[in-house]
Structure formats: structure tokens, C-alpha cells
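Colleague: Spelled out from the first residue to the last, the chains are:
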Amino acid sequence: MRNLKIAFLALTTVVVLTTLFIRVPLPSRGYFNFGDVAVIFSGLVLGALGGRHGFVWGAAAGGVGSALADIIGGFGLFAPITLVAKGAEGALAAWASGRVKVMHWILLLLGGSAMVAVYFLAETMMPNIGLQGAVAELIPNLIQAGGGIAGGRLAYAAFARIVDREQLEGV
Amino acid sequence: MVVIKLAFLTLVLAGFFGLFVFGPFYTHVELQLGVLFIVGMGSVWRTSGRETWRLIKFCLPFILTLLGFGILFHATHFLGREDWLQDSLIKVLIFPSSLIFLKLLLTFVTYLDILRLPIATARRVDLITFKAALSKGGRIMERFKWYLDTYQELTGQRTRGWVLRKYACLIIALYLYLYEEIENSRLVMENRMYILSQRTDRAP
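Residue numbers (our numbering), protein chains in the order written: chain D, 10 to 180; chain L, 10 to 213.
So that you can see chain D by itself, here it is in the shape it has in the complex (with noise of 0.2 angstroms):
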């Protein structure tokens, strides 16, 4: 439990900081954030570590550290809308983790799925986004989903590869 809290504390101040700080300009939006790759790292790790409950901890790692990113970052209109959005990321990513193979991914694709979901939903009912404003940030949001997906799996394939499971228990 307390190796947990430490890897959540540590995973959440990770998403903040990607989030803020690691930007990627893209042709179609100002840039791609990498945000979203540790939020699905985060997930992974958490859910690795956290057996039944990891999916609590990836969820509030994901959705606390993304919603605070967007308040420190001046963007605190998004936090409620970002702290439901990664949560759910981060959540389904923590329950992939100890799935297999077309499972894993599915789950995986569902939680980049939800997030743009709860974006577009949320956005279309906010009178200062609108309709016009959620279909503009669609497809921002799909690339920032897909990127995260291969991201995140990528950074997790590695960290799993030098950390084997034993290991990882008291990383």
C-alpha cells in the first residue's frame, strides 16, 4: 500500500508535468501533448500494482493530474470536464493492464474512446463551447487519444521490460 500511494504520487506529479511542459507542434492543432501518454503509463503501472483497485488509483492519477495541469497551466475552465475525461483514460488503461492481447487493447481503445467522448459531450453542453466548438476539437482529440494509446504502451513495454513484476512491487 504505501509503494501505491508512492507510485501515485510520483505518476500523478509525471502527468502534470507532461502535460505542462512536453508539447509537440502538429499541422492540424497547435501541438500534441504528451499528457495523455502518461496518463495511460500511469494506468498501466497502476493497475500492475494495485490488483482489483487499480483502476481507482489509475483513474485519480490520471483525471487529478491532468484536471491540475489544466488549472496550473490557466486552463482551469477544462479541469471538471479533464478530471472525468483522463479519469476514465487512465481507469480503463489501469484495467487493461492485466489483460491479454485483444482484451488489453480493446480496453485500451475504450478508454481513448471515452475521453473524447466526455470531451465532445461535455464541450457541446458548455454555452461557451458550443456544438461548432466540440466538433472543431474532435479531431485534435482523436490524435491526442491515438498518440497516447501507442505512447503510453510503448513507454509501458519498455519500463516493463527492465522492471520485471516482482520488481516493479517495489519501484
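By construction, these hints were calculated from the structure, which means they are not laboratory data.
Glycine included, every Cβ here is placed at the ideal spot set by N, Cα and C.
No incorrect hints appear here.
Label pairs and their computed distance ranges (CB to CB):
no.	chain 1	residue 1	chain 2	residue 2	range
1	D	Arg170	L	Arg90	49 to 55 angstroms
2	L	Pro127	D	Val111	47 to 53 angstroms
3	L	Leu42	D	Leu118	41 to 47 angstroms
Model the placement of chain L on the given structure of chain D, informed by the hints.
Modeller: Just chain L now, kept in the frame of chain D:
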């Protein structure tokens, strides 16, 4: 005192959103323009002109695409509505003003305010370690990035795949570093708390 301050700020925020975003003044374009101007000036006063401009510049691509879709919906009479253009114009004004206003309010909340909240000691320790990890992580991340960039220079690879791999490495390195840092600082803090409690017990 802190609770009163936070409650007041929440009330101001609710008032702003209640009046201009969800409320009766939503459709008043001139008023929204005035609100954007006042909020912008407030941000310049509270932060700086450069910071305010940075925020506006960041919203600009989104605002322009929002307007673009508004024009497209208007031209195609999407969902049978005829007010897409008018609605988009309001959103173009209201989106940056609500964003800047919230940012402005958040500048009044300090880290000390959060620590002064009536919360359990364990949560307070979590908050302190998290804040320390955030500032240390920010500094070390720049160093890690520099190391990885040096490697990129050596190998001469500049593809998208390489960028993804580079940042995946950065995330792992950052996590392993922060894990150790948090574990060490918690040990130090717990030790200090234990010694303090022992001293208090021994005090006459």
C-alpha cells in the same frame, strides 16, 4: 479565514458564470465585449500583458476553428437552426473571457491557503511531498530532455517515431526519479515528526 476566502472566490466565480455564461446576459454581444475587455485588463494588472497575450494566442486557433464551423453550420442550416453565426460570435467572446476570468481568480489562491485548510496531517504530508516533487521534477525533466537531445544529435534520427520513443524514455526516467525522491522525502518527514512527538512526550 482561508475557508471564508475560498468560499468568497467560489461565490464570485458562480456569479460570473451565472450571469454571463449560463445566465441572462449570455446573448448581449456588446456586454460580452465589455466583459472581455475588463477581464483582459484585470489579467494584465494581476499577471502581465505578455501572460494575457499568451493566453489569448493559445485560444486563437480554437476560436478560429469554432468560428469556421459556425460559418459552415450557418451555411448548411445545420439541425434547422438559423442562429449559428450569431451564437458563434458570442462564443468567440465568451470563451476567452471565461478562461481568463477563472485564471485571474486562481491567482488569488496560494499554496499556503491550501495547506491552511482544515485537513488531516497525512493529507498535508501528501500535499507537501507532491509540491516538492513537482518543483524537483520540473527541474530534472529539463536535464533529462537535454541528455536525450544529445543522444538524438549523436544518432542523427529525427523521425516522429523517434520523438515518441524519446519522450517515452523521458516519462520512465522521470517516474523512477520521482518515486525515489518522494520515498526519501517521506522518510525524512516521518522521522522528523517521530522525533518531535518524542520530544513533546518528554517535555515537562
